[in-house]
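Combine both chains into one complex, guided by the hints.
Chains as they are written, first to last, in the working numbering: chain A, 111 to 308; chain B, 5 to 652.
In case anyone wonders, no lab produced these hints; they're calculated from the structure.
Where is the CB? At the ideal position from N, CA and C, for every residue including glycine.
Where hints are given, some of them may not hold.
To be verified - Negatives, chain A to chain B, calculated, CB over 12 Å: (1) Leu-117; (2) Arg-122; (3) Lys-165; (4) Leu-189; (5) Leu-214; (6) Glu-220; (7) Glu-230; (8) Ile-264; (9) Lys-280.
Stated by the list, open to error - Below 20 Å or equal to it, Euclidean Cα-Cα: the simulated EDC-like pairs (lysine to aspartate or glutamate) are: (10) B:Lys-56 to B:Glu-628; (11) B:Lys-219 to A:Glu-124; (12) B:Lys-372 to B:Glu-556; (13) B:Lys-212 to A:Glu-223; (14) B:Lys-638 to B:Glu-579; (15) B:Lys-551 to A:Glu-124; (16) A:Lys-269 to B:Glu-628; (17) B:Lys-566 to B:Glu-556; (18) B:Lys-372 to B:Glu-448; (19) B:Lys-212 to A:Glu-125; (20) B:Lys-212 to A:Glu-124; (21) B:Lys-212 to A:Asp-275; (22) A:Lys-269 to B:Glu-579; (23) B:Lys-551 to B:Glu-579.
To be verified - According to the in silico footprint, chain A covers these stretches of chain B (three or more CB under 8 Å from chain A): (24) 267-276; (25) 318-326.
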Amino acid sequence: MKINDALPLEYRTEENSNKIFGFWLFLGAEIVLFSTLFAVYLVLWNRTGSGPTGKDLFEINGVIWETVLLLTSSFTCGLGIHAMRLGLKKPMMIFFGITLLMGLGFLGIEITEFVNYVHEGATLQTSAFLSSLFVLLGTHGLHVTMGFLWGAGILIQIKRQGFTDETTNKSFIFSLYWHFLDVVWIFIFSFVYLKGLM
Amino acid sequence: MKWDEFFVTGEPMIYGAMVSIVLVSIAILVGLTYFKKWGYLWREWLTTVDHKRIGVMYILSALIMLFRGGVDALLMRTQLAVPESGFLDSQHYNEIFTTHGVIMILFMAMPFVIGLMNVVVPLQIGARDVAFPRLNAVSFWLFFAGAMLFNISFVIGGSPDAGWSAYFPLASLEFSPTVGNNFYSLALQISGIGTLMTGVNFIVTILKMRAPGMKLMRMPMFTWSVLITNVIILFAFPVLTVALALMMFDRVFGSQFFTMANGGMDMLWANLFWVWGHPEVYIVILPAFGIFSDIISTFSKKNLYGYKSMVFSMVIISLLSFLVWAHHFYTMGAGAMVNGFFSITTMLIAVPTGVKIFNWLFTLRKGKITFTSPMLYAMAFIPIFTFGGVTGVMLAMASADYQYHNTMFLVAHFHYVLIPGTVFGVLAGLHYWFPKIFGFRLNERRAKTAFWLIVVGFNVAFMPLFFLGLQGMTRRMYTYSADTGFGPLNMIATIGAFVLAIGFVVLCYNFYYSFRHSPRDEHGDPWDARTLEWSIPSPVPVYNFAKVPHVESQDAFWHAKKHNVPLFKEGPYEEIHMPSNSGQPFILGVIMFFAGFFLVFSWFIPALIAGIGVVIMLAVRSFERDHGYHISAKEIAATEQKLRGDSV
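Next up, chain B with everything else stripped away, as it sits in the complex (with noise of 0.2 Å):
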């Protein structure tokens, strides 16, 4: 193999994307050695097993996805922005599309939310941990390793060009010759596997390690959403593991799964991709369905209108969600009834989805509203989704559809429930819980003014794109000429995105310009909140809790601070018995990266060695005994009493 095969080559922009890569790289390097802080680095996060660490580190990643991805957003408008735009060629737009769709979803809202879930679940139903909390490390480095495999092939190898869900036959190595697609499959195999961890670690976790009286009918809205997406999680993550397996196969080793010779089917990589996908869409939407009904009643100063309705909901939509699939190829052929069949049950979806509207909305009403930062992006969420949802049913009409299959219509509709459903939900939920991560509140004014940048931008972005798909301006069209007519609005939607931009910036800022500005929160409990993370300190001790919580009813820290009843029992601290810090969750995902790597470019023996060098770190693991440490009761008391002041 030639350099310039290795190496991407011919495009400027990738030249300084290359060159910036290595200087940051060396910048952050000589940092860490300069201000000594390998230690610190290694010894406190690359080894910890502490959930909530762990959390800062998905949310952490998912913020730097969420700018990659937004810049292959712009680079997109800024290319569509006017008629026979010359800013990118064909090849590179395919790209680009691909991997702002695949970052987004995947190393973006998916770990958003998982970090999210890491941070607070476990605070929510008086955890001490996760049920495996060694296991929720490896969770994280492998979705680590995947994200870096997949955004290191823009400057290595190339990237895949075959859009986010790669159909066959243009993902096959006929159509896609390069590595890209290789790159595809296998960083998203390794990050999958970790998210398939996480669903069975979470599952347990909540139904296993919950505090006395806990019922499942007293859980939170977002520990119950939670729970519902881990299920999906468990049941539709397989399905993409044999899928990229076979995609792999097809690619790697020339199996013939989905050729168009020898029997392969290129339908059967649509079906799988999506019995996978459509589930998927939904484990990043249901917990930010949580998030919001938590912001939303804290605001309101009400308990949450319908909780068993909300709850039910859910059910009803994740079992749903495995059903409707077909939606996404209502045009190839499939036949009247099978397009009836699933036009019904995707439109079914909407009628649970209602329920939840209609339950947020009786929430706020008669409600003492405060407008914070997160009930801000609550507020806009349900406007701008309920317009998303609408405009679903317009496509989950087959006949219709037939029409506007594969326009813009869609991308609209789809960035407008994702991102008011997930990506307003998970800054929801960032700006409600940063206090109690890391001890202060993001700066309301700065918060809000990148509230209204984004919410405007988005709007201005995004609905222009209807019209766009109803005049029949394609999807992935990577240029159009001025007689179509669709300059003036691809104009406008571009001056949103940029608006949406900055509006992310300011975000940004604001956690530079809170860090340094924010007054530190003494009590634990800023926003005068309802559930039980909200009991203890911020930032929250390693063990979460000195003592576990008793919990007679819905919203218990709500109810002890209403009724004057305690929440934890009187009575002498006892030690805690916690896991140890652990390098090997960190080494397995380096591991796997390599692994991912040669196997991308087909280095079958290097590929075999670090194969090797996984079973490896199993047997390691498996013959360990390490059995953590206890804290003192002595330590904790002390610990407690500095955090509280004297009041415990």
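Next comes chain A alone, as it looks inside the complex (with noise of 0.2 Å):
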């Protein structure tokens, strides 16, 4: 197995590097999808049908809490990546914990906004705009959700096995994952709120 010690750890072996390269290229159809997914917002935001514009819905109180958990989350995990390459375990773990409860945070904001949203009669089946929001939103909060398991799965293994060439890859390519998220979210915040409350 061939190790580069000039490297952090995450990237040493041969197969972690590859790991890393094979995630960026996942990240690279994240992006295709989720570009689709906006285009056909984009596509049918005006197609209201009888149902509520997204005038009518939008609030922008909640949509601000989400985008301040959610990027602050983002910013904690990159202090938490930088702790891990300093050899920090604890405040490397505390920075990841910061993170995920920051995620299940904007994940209920979220979840209130949309039983808010059925209430007012605001449904998957109304429009075909609330449709490609729902997906829109649901596809992005999917995301997090899977996040925060992951996330939780590898603080597990962190404070069981430590640093490894394993652990501290996953943790790595998890932040890939969360600031992906983040980006998507500020897309949804500029396309879908901002554009939706003008």
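And the structure:
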């Protein structure tokens, strides 16, 4: 096995660097996936049928909090990786823990919003606009949920095994994923909420 | 739900199919138990992560699906052979042409191509394995789960009936109320995820795991074609993922994406489908181009003419493939500018494709040609494919397309490109690499008999369709009256289809015959070939290369043979690290199959449980600490000694 000590721990083995490269490729596919969903949304966003429009539904308060939580969690995730590279196990776990809790908070707000929409009579079945809204936000939300479970699993492994080739590699890949979700959210914030509220 | 809603009833042929499925399943179960093969099957195949075995399983599945899709084709041709035939009713005919298309493209062509790439690519680049062996197994089992889910639809619940492109509103719950199109969306989704993973896996493998000295511009053409194909997969398949998900939401959860009311937009489906669908045809055809390139240069004993232009033309084709999708619906009223744009981009594809045709011809020029069975397929491919390509340019012209849109002319065209392009390609590849996989050659005499039946049968079957199309026979028409005058040509086409089918039977018989009678291949290089996979013994040991090859030029093995330079460095063997087998990919496939099956019938609670099962499987994988095993240097030396005789 080729090991290059000049690189950070998560890159050192050939297998690890392949995994990181493979994950970047996967993110390429994810970009296409979300681009397609955005395209669908932008095609359908004013095809509201007899249902409510975005302007009727969106409320800036919740969205701002969602944005703050997710963007900050991306920052703490980066701090976690920084701590990991310095070999600081406890700070890394704390930063990752904060990241995951913020993700959970984000999900809580999103679910509350969905429930509110449904109470206002805006469901997946109401109009093409709402179908595309729920599927776009829902896909992102599902990604955050999977990220939460994934991150929690990694935290347990770090606690048990410490920093190894494998756990650091997993943490780093998880951080790529988490930042990616953040980027997607920025697009949702701009093209769904800001556009809808204007 | 009543039983007669669950099982398909009222069709004698389907009752026959049900009985034969049950009988075959019982025979397999009894046979496995009687010969005590359960353990062997599990240990050696179901849990394998060896790319060569995964490739074999892909190819075997593809051959079975070729049979299923072929039977569909014969049923259609039988129905159309004479006017006013009552062999199939309209609904049954709809289901058959839909499943024929889906199975041939997604469950035959794709897995066949992926199977060959699994077997060959790591060997061609001098790698010990693919980048992610376990993921590779997951890819296969997801494909297999999807294929099985799709196939059971014709006895349970009902087949999809809205065409392989499943256009809305035809595919909506309103116009297609059976669960058939639910099967379509979920089966394609599951196998599509597997394909996407293959894409990631092979890009990493090719870019990161080449033997020392193998620069990109020294890679064999098949590897190049696979690399480009997988890039297309990576960027095209997520679009299908979304389209199928939206279809599922519309049909299972009542959303309004493609409906006719509440703001839905049916054309959105057509656009999404073909943004994936058109690149898809290049996903199945580019690897065949790679196969033909390797075969033509091997059996002409010459370097491939215009290597760089071959690579460049494939890159151009892959880019253009994303810019042509609207040519599938010129007549849907997009307007002159849009049609004009897509007309031009479509015709442009003929340019790089023409470059490739000329390069193959120049490779043949003054070559020492041997007409082996793989070479015959390659030779037949060039003129037939060119003919298909020229009719494609005819179709590409938007204004002219208004005449033959949706006619048999189109059906003839795409069979004239896909059968020589893909089917001949994979069959050529199968004959060519068969000795590498199994250690013996297919019998040439029988292979050539099959070849001639297939080529002649193919032309007799599809040439008449061009004329039928120009006479106005539309596609997907399940019957016609005698006054139309379509009868005689249809009869000829049907005869051709049966000749083609006999060719396939001879081809399959040849596997059996060769298994019994072919002399075993002792030196690993029966064709006097050029690329690295032929430098190691056949069948290939599990670790592929005992020593890593050092590559100094294109066609490294040929170079080594001609200039007498060693491909492998002197010195003792070193131990090799291998991944261990795992049952998890298979189990994940089974769970995904059931998750899909429950969703098809909108049984949400069981589907949710299966979904949780999937998450648990992911967690199990994450928490597992399996570092594989090592094959000792002594063991390698012994294996190599046995495989190569005393020479090494």
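Each hint tested on the structure:
1. Leu-117: A:Leu-117 clear of chain B: closest Cβ-Cβ about 15 Å, beyond 12 Å.
2. Arg-122: Given a closest Cβ separation of 15 Å, the condition holds.
3. Lys-165: Check passes; 16 Å lies beyond 12 Å.
4. Leu-189: At about 23 Å from chain B, A:Leu-189 clears the 12 Å cut-off, so the statement holds.
5. Leu-214: Holds, because the least Cβ-Cβ distance between A:Leu-214 and chain B comes to about 17 Å, which exceeds 12 Å.
6. Glu-220: Non-interface label stands for A:Glu-220: nearest chain B Cβ at 18 Å, farther than 12 Å.
7. Glu-230: A:Glu-230 is indeed farther than 12 Å from all Cβ atoms of chain B, at 17 Å.
8. Ile-264: The claim breaks: A:Ile-264 does not keep its Cβ more than 12 Å from every Cβ of chain B (closest is about 8 Å).
9. Lys-280: 7 Å, violated
10. B:Lys-56 to B:Glu-628: 25 Å, violated
11. B:Lys-219 to A:Glu-124: 18 Å, holds
12. B:Lys-372 to B:Glu-556: Between B:Lys-372 and B:Glu-556 the Cα gap is close to 25 Å, so the pair fails against 20 Å, i.e. violated.
13. B:Lys-212 to A:Glu-223: Roughly 45 Å separates the two Cα atoms, so the pair is violated.
14. B:Lys-638 to B:Glu-579: Holds - the C-alpha atoms of B:Glu-579 and B:Lys-638 are around 8 Å apart, at most 20 Å.
15. B:Lys-551 to A:Glu-124: 18 Å, holds
16. A:Lys-269 to B:Glu-628: Holds - the C-alpha atoms of B:Glu-628 and A:Lys-269 are around 15 Å apart, at most 20 Å.
17. B:Lys-566 to B:Glu-556: OK: B:Lys-566 and B:Glu-556 at ~13 Å, within 20 Å.
18. B:Lys-372 to B:Glu-448: With Cα atoms ~19 Å apart, B:Lys-372 and B:Glu-448 stay inside 20 Å; holds.
19. B:Lys-212 to A:Glu-125: 10 Å, holds
20. B:Lys-212 to A:Glu-124: Roughly 9 Å between the alpha carbons, so the hint for B:Lys-212 and A:Glu-124 holds.
21. B:Lys-212 to A:Asp-275: 19 Å, holds
22. A:Lys-269 to B:Glu-579: Not OK: A:Lys-269 and B:Glu-579 at ~33 Å, beyond 20 Å, violated.
23. B:Lys-551 to B:Glu-579: The hint holds at about 10 Å.
24. 267-276: holds (count 5)
25. 318-326: Since 0 is below three, the answer is violated.
This entry does not satisfy hints 8, 9, 10, 12, 13, 22, 25, going by the numbered hints stated previously.
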